[in-house]
Amino acid sequence: MITGTTQQAQTVSTPYVAPVHAEGVMLRSLTKKYGSFVAVENINLDIPAGSYCCLLGPSGCGKTTTLRMIAGHEEATSGDVIIGDRRVNDLPPAKRNTAMVFQNYALFPHKTVWQNVEFGLKMRGVKVSDRAQRVNEMLEVVGLSKFGDRKPTMLSGGQQQRVALARALVTRPQVLLLDEPLSALDESLRVKTRSELRKLQRQFGMTFIQVTHAQDEAFSLADQIVVMDHGHIDQIGTPAEIFSAPASRFVARFVGDNNIFVGKVTHVTPDTNAALIQLEVDGLGTFLCHGQAADVGMTAACSVRADRMVLKPHTPDSHASNQISVRVAAVEFTGYVTRVSLLLEATGEEALYKVRTQDWMSQPLQEGESVVLGWSTEDCIFLPH
Amino acid sequence: MRYATASTSYDYLFHEAVFIDIASHAWKRVQLKNIFIQKIFMFKSWKSVEPYLLVTPQTLVFLLFLVFPIATIFIVSFWEFTGYSMTPGFTLDNYRNIFTSQVSLATYLNTFKFVGLVWFFTLIIGFPVAYFLAFYIDSLRWQIILFLVCTIPFWTSNIIRMISWIPFLGREGLLNKLLIGIGLTQQPIDIFLFSDFAVVLAMVHLYTLFMIVPIFNSLMRIDRNLIAAAEDAGASGFQVFKEVILPLSLPGIAIGSIFVVTLTMGEFVTVRLMSGGQAASVGYLIRNQIGSLQYPLAAANAVILLIVTLAIIFGILRTIDIRKEL
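As given, the protein sequences belong to chains A and B, one line each in that order.
Start counting the first sequence at 1; every next residue gets the next number (the working numbering).
Start counting the second sequence at 1001; every next residue gets the next number (the working numbering).
Each hint should be verified, as a subset may be incorrect.
As the list claims (entries may be wrong) - As a list, the in silico PhoX-like pairs of lysine-lysine whose alpha-carbon atoms are at most 20 Å apart: (1) B:K1242 / A:K151; (2) A:K312 / A:K354; (3) B:K1242 / A:K122; (4) A:K111 / A:K146; (5) A:K122 / A:K111; (6) A:K122 / A:K151; (7) A:K151 / A:K111; (8) B:K1177 / A:K111; (9) A:K95 / A:K122.
No lab work stands behind these hints, which were simulated from the structure alone.
Use the sequences and the hints to build the structure in full.
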């Protein structure tokens, strides 16, 4: 086995610790109320053993409360938390075989890095000699062997984050819970640490449940994304599913770069797989999309990804659906992709168009120019709520 | 090459380098002088005087009412004293008298006993109160209300507060009546009032607040996630306290201890009143010496008391880093 070199000391190195036996997590009708405020309402969720699950949502959506209920730092008002085949509602955090990486890490400021990592073993009464071995192993895994006798405040944000990981992993939990582990890091470090987290999860094989408000983080890390809003789960799915087929207006908006049009269902044509739905949007005309279970007359929405649209430089055919007259409002160059803000001429609302910079450069449009924005029915996703 | 006086081109370079070096030094000196002159002029400008003006009143008060009297005491402590008159001079007799007199040594010991007891009781009473306020009272409003309750002992004058103990602790006092009433004792207990017990009780009653406030402060600064993290790692309630809360509240304990120790060290009103004049403390001794015009002795005692107090504070500061709290 390779020993840590200077180069490796900066990144996660070769596994030293045998993969642990992972457990899945099940939430059944889980609810948390603070007085009359409902933080988490009736959540049901199955997280398979050994998977990487991200709870994604804006602040105040109940994701952290859910995580803390799994960890045992928050008591559920009703419902069950099941880890493996045990109902753990009444067990203290340490008896649940979970470990938590806290937001802003919550490292003990008066203890050294070594003592921080040792803490869990010491509390569990592990023998001193075993402790030393496991702490050293763990510090090596996170590349901090040389920093054992420093205080956490003498480390950089990224190093502190790795101490927090080491402290949580050293007790070999079956489920690792991470509360916004990357939010305190700067952008470039965040991307790097993201891949390290994924690597650690593969290496240890335990279940990771991570809370995040950043969709790119969830997309790049998770096997399973749980999008939450106002204490509810809006959608559960793989990153690809969440990205290409958002289930609700909220998800479509939160995932970002989606154009959402709200209107009334005027016609439903049943089909073998999905019905063809006609949506009448005030001032913009009718849009066609495929979807399940729609009633004529209901208020619904459709969403089109900004990169699935096309700009056509001619006047719209008044009978064709999925077309709107727009004016170029602003062009934003972001590197590989150019983002174009469009003003809907009929309503004055904004829409977003994303295009490869290369393609945009070949036929650039000036700000203020009038064009037609269109998309194919296949790319238009029906959102019943 | 511009001229060829130097033997080799290297020599030439060397000379030029030296010249440049000297020239740059001279230039720097000129610059420094300019900066110095600028500073003097800047000092005259209002903007640079302003910050000094802010601290001037405090500095004057300190010099006039702290540094000057202490210097005077220090000087007088070396003056010669014959029992009824003092003359300026330098003698160590006053100090020698203190260190050889059984009475004054016993007084010092008694003072340390008071300090130790008061410190101990204010700590073990104050810490739980601070802990309760910090961890069990969630609303700031209630924390403020309960803090005001803690300040009740200060709502009245010292003398009235002391006198108020008499009907409670005296031979015929409430406490004795109660104890006799419930049959715990047949005879009234004398040691409640005019005793060391009474002195310590009154001082603890008064000074516990000075322990509560700094400890409360340091407890409030503890990130609640640290406690959750300790529990997450399997720490029991006692272990959370021992491993996380206690170490992180040490700066508060240190500041509280400094308050209590300094206040108790110089106490004489409480000692005089609550002991009925029977107990001694250095503060009380100094006061008596002043009363009988033994100024040099009183000054020597004051200097020793000051040094001991400063030594204790220094010891506390050496052991515990309180910078985080300031």
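Going through the hints against the structure:
no.: 1; hint: B:K1242 / A:K151; in the structure: 19 Å, holds
no.: 2; hint: A:K312 / A:K354; in the structure: 14 Å, holds
no.: 3; hint: B:K1242 / A:K122; in the structure: 13 Å, holds
no.: 4; hint: A:K111 / A:K146; in the structure: 16 Å, holds
no.: 5; hint: A:K122 / A:K111; in the structure: 13 Å, holds
no.: 6; hint: A:K122 / A:K151; in the structure: 18 Å, holds
no.: 7; hint: A:K151 / A:K111; in the structure: 6 Å, holds
no.: 8; hint: B:K1177 / A:K111; in the structure: 53 Å, violated
no.: 9; hint: A:K95 / A:K122; in the structure: 15 Å, holds
Figure legend: structure checked against the earlier numbered hints; the only hint not met is number 8.
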